[in-house]
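The listed protein sequences correspond, in order, to chains A and B. The opening position of the first sequence corresponds to residue 36 in the numbering used here, with each subsequent residue numbered one higher. The opening position of the second sequence corresponds to residue 12 in the numbering used here, with each subsequent residue numbered one higher.
Note that these hints are calculated values from the structure, not bench results. Hints may contain errors.
Claimed, not checked - Computed far set for chain B versus chain A, every beta-carbon distance over 10 Å:
1. P35
2. M39
3. K64
4. Q121
5. D129
6. Y150
7. F153
8. P158
9. I182
Said to hold, decoys possible - Below, computed lysine to aspartate or glutamate pairings styled on EDC-like, alpha-carbon distance capped at 16 Å:
10. K194/B with E95/A
11. K59/B with E33/B
12. K194/B with E96/A
13. K166/A with E85/A
14. K124/A with D449/A
15. K105/A with E105/B
16. K194/B with D449/A
Stated by the list, open to error - Here are some chain A residues the structure puts well away from chain B; computed CB gaps all over 10 Å:
17. P171
18. G287
19. N490
20. W504
A virtual CB, placed ideally from N, CA and C, is assigned to each residue, including glycine.
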Amino acid sequence: MKVGSTVVGFVGVFVLGSASVALARQTPTFTKDVAPILYKNCSQCHRPDEVAPMSLMTYEEVRPWARSIKSKVLKKEMPPWGIGESSLKFSNDRQMSEKEIFTLVSWVDAGAPKGNDADLPASPAYPGGWKFNREPDVVIKMPVEFTIQPRSEYPMLDFYVPVPWTDGMKLIQMSEARPSNKAVVHHITVSLVTFPPGTEVIDGQPFTTDASGKKVPLDRRAARITEQRLPTELQIPREPGEKPDRLGSVGGFTTLLAYVAGRGFDDHPDGVGTPVLPGQYINFNMHYTPTGRVETDRSEVGFWFAREPLKKFHFRTPINERQHVNGKIVRGPVPDAADVEAGRVSQGATAATISAFSGLPPIPPYESNFTVTSELAITQDITINGFYPHMHVRGKSAEYKIVYPDGKEQLLFDVPRYRFDWQERYVLAEPLKIPKGSLLKYKGVFDNSANNPLNPNPDKEVYWSEQSWDEMSLGWIEYTLDKQKLPARTERREQ
Amino acid sequence: MTLVFFMLAALLQAPQAPVPTEQPKGLMPNLGRPTKPEDVVPLLDFDKYFLGKWTLQADAPDSVLGAGGEVSGTITYKKLDEGFYEALTEAKGESGPFTIRETIAYHKEQKVAFRHVDDSRGYSYTQTAEVGGNIGGDYRLFFKSAPFTYHGKTIRLNHTVYLAAPLTFRIDVELAEGAAEFKHMSPWRYRRAP
């Protein structure tokens, strides 16, 4: 055994040594060796006007950062990727291989030479600055530029823009939201609404006419999300008497995408997307966080239409039907006698402190491991295509698990160091079939202690709301309904 | 005398009760309820937040101001008078040790700050800042410099100070050379010294 290890070690050293010698003979250069790595792993964010603060597309842009790049890739702080333990593979995993890291480090250590211009590969194309390799079919801007004043906070604001085409239904397969001022945009949620007949939208705000003929603001609750206008053959199939449930409700497919730092481009498998009809409105739900000085923003969204026939609606829902805090149930179906008997019902929450937003009790001051466990019963066969955990500045870690109908529990993945400033959407390399009768579990852990470097007020209770200094515990899933088999009826576009 | 000696010795050797250490506090008042848009953001309490010693770390790029690389050290804020402060940075970078001396004026009610900065690496500049925040306790100081000359080049520096938490803040640095646009220069991260 010892001899074997020694031999393996010797061979390993010999192989590594040979590789080092070989690589040392060929000092990596930017044009030949480094640029391809940066283009593949970094350019989506490190390019002009993107979320990263500096572009890394040219030698002149990269060279000043060489030492910093070495430090970040060695510590694996860059490229950012949150997944720790996982039983799944992800198509957007941009972690560098050991070989790529070795190449970058060797290049920096060799003085970061440029190399021959002829070796430089073509840089990746981002037409118009959009993430996809062609410009969107439609770009829709917020109807007005909004001014964010230096005040305490803003509620969520809605701006509506009519669907700009008139030639029938389109299937949105990809979408990207772009703020014009990243400093103030906490989130953009883009969804579809249908207003009642007679609604007039002026500067992005809906108005109706009252009994006296006067124009009055429309009650937003009337801006319903509805499938009534979808052609019959596109409506979600249901058994006679079957009511929409959590997984198959129309609300699940009318949200087009959400932008937060680290996310804002959604792409779906061929034939999967969101049907959008003329007459509907695009709802920009904007959350602005004041910076303390006057700022402006006019965000926009780009849509790419599907070129494949529509097969499935893209649904999304958070896992939040039944929630436990530190092991005690606080929300969901009425706790049963067993829960009460076992002391699993939270005693720490009062009517004054439980947030109407989430039904969760506040996080106590200096609490470093406040754990919210949420469940979602899977009531029909679904196929998951992606996940995105969402918390705010106290977010510490996240975890997704599944319990199959036979009782077998499996860790899907965890995010051991959740980052509020980089909230990844994890897209599966292979879709994950989830049978009816399963239970999905999501665990979010929150750190309200002073050791959390993003926690502004560890001495305060933390409530639950969309403000970034409050908290949210949402483990989203993106999925399709297996029973949905839609006819091929989207317009085919010119290739 | 002997008795006093033994009493003192006994006192010194007795197990000491742990000294209660005060937990760090944020700058927001405890409202006992969620925040509202009509809440008023308290003015930034410079003394409460900054005074004392902090450690710093940065990972700077090469620039017209010198070689980049890892920087580490400390900064100490002291109060000179009401609304006036000084800060001394003692740090080490790829090119060796350096110091940065700042004289700072902060007008709390006007929500503005000024500072004059002398960097031992051979340049100085003056900056003015708007000071703002939101009800979450997320304060920022937006420093902008007057143009200054270094090695024959005209430079402007922006520093945005983000007060993230009671024990940590961050300064984002941007540099513009001549009439060119500002370029990001990586953040300097600060942590309250133990």
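We went through each hint and held it up to the structure:
The claim that P35/B lies off the interface is violated: its Cβ sits roughly 4 Å from the closest Cβ of chain A, which falls inside the 10 Å cut-off. Non-interface call for M39/B relative to chain A: violated, since the shortest CB-CB distance, roughly 5 Å, does not exceed 10 Å. Consistency note on K64/B: stated as away from chain A, and its beta-carbon is indeed over 10 Å from all of that chain's, at 17 Å minimum. Annotated as non-interface, Q121/B keeps its C-beta farther than 10 Å from every C-beta of chain A; the closest such distance is 13 Å.
Remark: the non-interface label on D129/B is consistent with the geometry, its nearest Cβ contact in chain A lying 24 Å away (cut-off 10 Å). Consistency note on Y150/B: stated as away from chain A, yet its beta-carbon is not over 10 Å from all of that chain's, at 7 Å minimum. Residue placement check: F153/B does not keep its beta carbon more than 10 Å from all beta carbons of chain A (closest about 6 Å). The Cβ of P158/B sits about 21 Å from the closest Cβ of chain A, beyond the 10 Å cut-off, so the non-interface label holds.
With a minimum CB-CB distance of about 13 Å to chain A, I182/B clears the 10 Å threshold, and the non-interface call stands. Of the supplied pair hints, the one linking K194/B and E95/A holds, its CA atoms being roughly 13 Å apart against a limit of 16 Å. Taking the CA atoms of K59/B and E33/B, the gap is about 14 Å. The hint holds against a cut of 16 Å. A hinted pair counts as satisfied when its Cα atoms are at most 16 Å apart, and K194/B with E96/A qualifies at roughly 10 Å.
Between K166/A and E85/A the CA atoms are separated by roughly 10 Å; this keeps the pair inside 16 Å, and the hint holds. Under the criterion of a C-alpha separation no larger than 16 Å, the hint pairing K124/A with D449/A is consistent with the structure, at around 12 Å. Distance check on the hinted pair: K105/A and E105/B sit about 14 Å apart at the alpha-carbon level, within 16 Å; holds. Between K194/B and D449/A the alpha-carbon distance is near 36 Å, which puts this suggested pair outside the 16 Å criterion.
Every beta carbon of chain B lies more than 10 Å from that of P171/A, the smallest distance being close to 26 Å; the non-interface claim holds. Even its closest Cβ contact with chain B, about 28 Å, leaves G287/A beyond 10 Å, as expected for a residue assigned away from the interface. Listed as a non-interface residue, N490/A fails to keep its Cβ farther than 10 Å from every Cβ of chain B; the least gap is roughly 5 Å. Under the 10 Å C-beta cut-off, the non-interface status given to W504/A relative to chain B is violated; the minimum distance is some 3 Å.
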